[in-house]
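**Student:** So you can see what is in the structure, the chains are spelled out below.
Protein chains: 2
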Amino acid sequence: MRLIPYDNISLFIENAFLRSGVSGGDARICADILITSDLRGIESHGIGRLKMYIERIQKGLIEPVSKPQIIRESPTTALIDGNHGIGMVIGHQSMNIAIAKAKEFGMGAVAVRNSTHFGIDGYYPLMAVKSGMIGMSFTNARPSVAPTFSTQPVLGTNPIAFGAPSDEEFPFLFDAATSITQRGKIEVLNRKEKPVSEYWVIDNHGNPIQDADKILQSLLEKEAALLPLGGAGEVTGGHKGYGLSVIVEILSSSLQSGAFLSALSGFDEEGNETRFRVGHFFFALNIESFLPLEEFKGNLGTLLRELRSAKKSPGKERIYTAGEKEFLTEMQIKKGGIPVNENLENDLHQVEVFLDMRPFQFGKK
Amino acid sequence: MRLIPYDNISLFIENAFLRSGVSGGDARICADILITSDLRGIESHGIGRLKMYIERIQKGLIEPVSKPQIIRESPTTALIDGNHGIGMVIGHQSMNIAIAKAKEFGMGAVAVRNSTHFGIDGYYPLMAVKSGMIGMSFTNARPSVAPTFSTQPVLGTNPIAFGAPSDEEFPFLFDAATSITQRGKIEVLNRKEKPVSEYWVIDNHGNPIQDADKILQSLLEKEAALLPLGGAGEVTGGHKGYGLSVIVEILSSSLQSGAFLSALSGFDEEGNETRFRVGHFFFALNIESFLPLEEFKGNLGTLLRELRSAKKSPGKERIYTAGEKEFLTEMQIKKGGIPVNENLENDLHQVEVFLDMRPFQFGKK
Numbered sequence: 000m001r002l003i004p005y006d007n008i009s010l011f012i013e014n015a016f017l018r019s020g021v022s023g024g025d026a027r028i029c030a031d032i033l034i035t036s037d038l039r040g041i042e043s044h045g046i047g048r049l050k051m052y053i054e055r056i057q058k059g060l061i062e063p064v065s066k067p068q069i070i071r072e073s074p075t076t077a078l079i080d081g082n083h084g085i086g087m088v089i090g091h092q093s094m095n096i097a098i099a100k101a102k103e104f105g106m107g108a109v110a111v112r113n114s115t116h117f118g119i120d121g122y123y124p125l126m127a128v129k130s131g132m133i134g135m136s137f138t139n140a141r142p143s144v145a146p147t148f149s150t151q152p153v154l155g156t157n158p159i160a161f162g163a164p165s166d167e168e169f170p171f172l173f174d175a176a177t178s179i180t181q182r183g184k185i186e187v188l189n190r191k192e193k194p195v196s197e198y199w200v201i202d203n204h205g206n207p208i209q210d211a212d213k214i215l216q217s218l219l220e221k222e223a224a225l226l227p228l229g230g231a232g233e234v235t236g237g238h239k240g241y242g243l244s245v246i247v248e249i250l251s252s253s254l255q256s257g258a259f260l261s262a263l264s265g266f267d268e269e270g271n272e273t274r275f276r277v278g279h280f281f282f283a284l285n286i287e288s289f290l291p292l293e294e295f296k297g298n299l300g301t302l303l304r305e306l307r308s309a310k311k312s313p314g315k316e317r318i319y320t321a322g323e324k325e326f327l328t329e330m331q332i333k334k335g336g337i338p339v340n341e342n343l344e345n346d347l348h349q350v351e352v353f354l355d356m357r358p359f360q361f362g363k364k
Numbered sequence: 000m001r002l003i004p005y006d007n008i009s010l011f012i013e014n015a016f017l018r019s020g021v022s023g024g025d026a027r028i029c030a031d032i033l034i035t036s037d038l039r040g041i042e043s044h045g046i047g048r049l050k051m052y053i054e055r056i057q058k059g060l061i062e063p064v065s066k067p068q069i070i071r072e073s074p075t076t077a078l079i080d081g082n083h084g085i086g087m088v089i090g091h092q093s094m095n096i097a098i099a100k101a102k103e104f105g106m107g108a109v110a111v112r113n114s115t116h117f118g119i120d121g122y123y124p125l126m127a128v129k130s131g132m133i134g135m136s137f138t139n140a141r142p143s144v145a146p147t148f149s150t151q152p153v154l155g156t157n158p159i160a161f162g163a164p165s166d167e168e169f170p171f172l173f174d175a176a177t178s179i180t181q182r183g184k185i186e187v188l189n190r191k192e193k194p195v196s197e198y199w200v201i202d203n204h205g206n207p208i209q210d211a212d213k214i215l216q217s218l219l220e221k222e223a224a225l226l227p228l229g230g231a232g233e234v235t236g237g238h239k240g241y242g243l244s245v246i247v248e249i250l251s252s253s254l255q256s257g258a259f260l261s262a263l264s265g266f267d268e269e270g271n272e273t274r275f276r277v278g279h280f281f282f283a284l285n286i287e288s289f290l291p292l293e294e295f296k297g298n299l300g301t302l303l304r305e306l307r308s309a310k311k312s313p314g315k316e317r318i319y320t321a322g323e324k325e326f327l328t329e330m331q332i333k334k335g336g337i338p339v340n341e342n343l344e345n346d347l348h349q350v351e352v353f354l355d356m357r358p359f360q361f362g363k364k
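Those protein sequences? They're chains S and P, same order as listed.
0 is the number of the first residue of the first sequence in numbering that gives the first Met the number 0; add one for each residue after it.
0 is the number of the first residue of the second sequence in numbering that gives the first Met the number 0; add one for each residue after it.
Incorrect hints may have been included.
Pairs involving identical chains hold if they fit within one copy or between any two copies, as the list cannot separate such chains.
To be verified - Result set (DSS-like, lysine-lysine): computed pairs, CA atoms no more than 30 Å apart in a straight line:
1. K213 / K315
2. K333 / K315
3. K213 / K310
4. K66 / K129
5. K296 / K66
6. K221 / K315
7. K221 / K324
8. K311 / K184
9. K311 / K213
10. K311 / K221
These aren't lab readings, by the way, just hints derived from the structure by calculation.
Kindly generate the complete structure, drawing on both the sequences and the hints.
**Tutor:** What follows is the structure, encoded as structure tokens:
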């Protein structure tokens, strides 16, 4: 494994998108969103996904030239058709529209249909935070999660992201799937040859599966399903995670007359790959409409510090607040570099060769 | 146990509030919110709480004459000081303001401080739904939930409520604490002398407690804490439930410079009862800003029906969507009446005697 400086990786990503027919400004946005994921330690959504994006552009599943189109607009809202462009570019533009509306009217919301995978959900609230606002972002996704009392993967991991500025060095940033876990984490366990928690995944009969390799295969074949936050059944609150997931699905599809649930499988009835057609929902709230920004930051900082100073569980030395671990990781990675293992290096080398990128950064020189 | 027609109960509640110094219009609002809880089968938040509200008014902890005051306002937002009035009256008025703003500008949000317990969280989204909107409502509450890696009850049960209209007989309505469970459910198990799930509550050492009676006592003494949705630690996603709870706390206090966490304990340092000072956040989104209302309703209905038609878990005959069970209960209770057991009947009789309400409805004639 090598540690590569994050700005080198960022340039590599930008260059790969450029050579795939993406314009300069859009390529920079893609690089910024992917690198933000790596910096925050969310390996599943960063440079590790570059090859996937490039392949999808090559296959014609993602349009390299993103032309999102405003279908309907009000003082505070917009409905946008992504026209199958790059989700990150569409998301970036949509959140900027929400922020501009919030600046003028107090709040802004943008609903998007016909988009593609937009990277980490948490990136978009961070845009709002930089403008002194509260930001939220939601997206639906390929079916993989079973509703309560079902074994069928019907819902996506449907994440919720929420960010708010504080008086600390880093904002409050919540960014989480409404399922207990997601595919990326199981891939990580598989690489490390570790078993999966018995609470995460069920097979077609509702029994837990713990073999990571088998889970990954079964998920593809729809023979397994992730469980919603709260777990199976209602006793531990699984219906709550299920309900939250449906809220995200509503915000990502019902307002847009967009695709949802099985329509997001990525395949048509003959098994051919289709457009992704995922939907998103972005929301910005101008804090200054309620109180001076600095007062809000102080209020939130005091709240977070009171949480961290609560009595620790036996054996635990520290209580974190959302976004804190990711901030600490970012400080570390900015100094040390992004870990690139052999598999990833091979992937990136393939991207280099395929896109005829010279001088080579990765693999054999 | 007797079954009392719900409109009799509703009149009784209204009358009790009237005789406590609450104005006619406000008393009707309180009755409507409490009875909505009973109709939906949420016994913990309905007529069972009437005595508590009346006592709190008598003690001067809740002002019978609610005078919420707009502190700051923008086209889409308002900050309101509840001035310790009745939470239900304040909530009703605040949600109406959010709806009016959404009608004009697409969205409306109202943040409230210095309020008191406002009944079921789900009532307020239902108001938005009746206006053809999506509604959301949040509130913080007395500390009872431990953050991840803590054993101390610091956060409230901090519920999230979200409602949206569909083409079915009843709307989608999610209304859930961000903890796995809440005190009311443990009280129900205690009455039935049943053990509590090992996943719900921990003691000061982080060990599960299952004796309902002991839990209720320990919660009062801060010797026990409810667990966030997702459970203890991070493996089953407890940090997600914890994070969602903090989001609710932020929306309910940081925007309003209101009280939060330990300040909501209900007692001062000498152990005297204090004002409640809880905060709320109400949000309305005008669906017509995005697409015709009927189209949205059809989209959502189709989504909900696809969820219900997913493959069932072994032994399960039905998959529900949020608000469906409560709708079914409502149909039943409207026909059969609200179950009033002996304990509750005694409580109501005490209220009757105390408020000199005649003719008596409850207890010895």
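**Student:** So, for every hint listed, does it hold in this structure?
**Tutor:** Hints versus structure:
{"no.": "1", "hint": "K213 / K315", "result": "between (33 Å within a copy, 26 Å between copies)"}
{"no.": "2", "hint": "K333 / K315", "result": "within (27 Å within a copy, 51 Å between copies)"}
{"no.": "3", "hint": "K213 / K310", "result": "between (40 Å within a copy, 21 Å between copies)"}
{"no.": "4", "hint": "K66 / K129", "result": "within (25 Å within a copy, 37 Å between copies)"}
{"no.": "5", "hint": "K296 / K66", "result": "between (36 Å within a copy, 29 Å between copies)"}
{"no.": "6", "hint": "K221 / K315", "result": "between (38 Å within a copy, 20 Å between copies)"}
{"no.": "7", "hint": "K221 / K324", "result": "between (33 Å within a copy, 28 Å between copies)"}
{"no.": "8", "hint": "K311 / K184", "result": "both (27 Å within a copy, 26 Å between copies)"}
{"no.": "9", "hint": "K311 / K213", "result": "between (37 Å within a copy, 22 Å between copies)"}
{"no.": "10", "hint": "K311 / K221", "result": "between (41 Å within a copy, 14 Å between copies)"}
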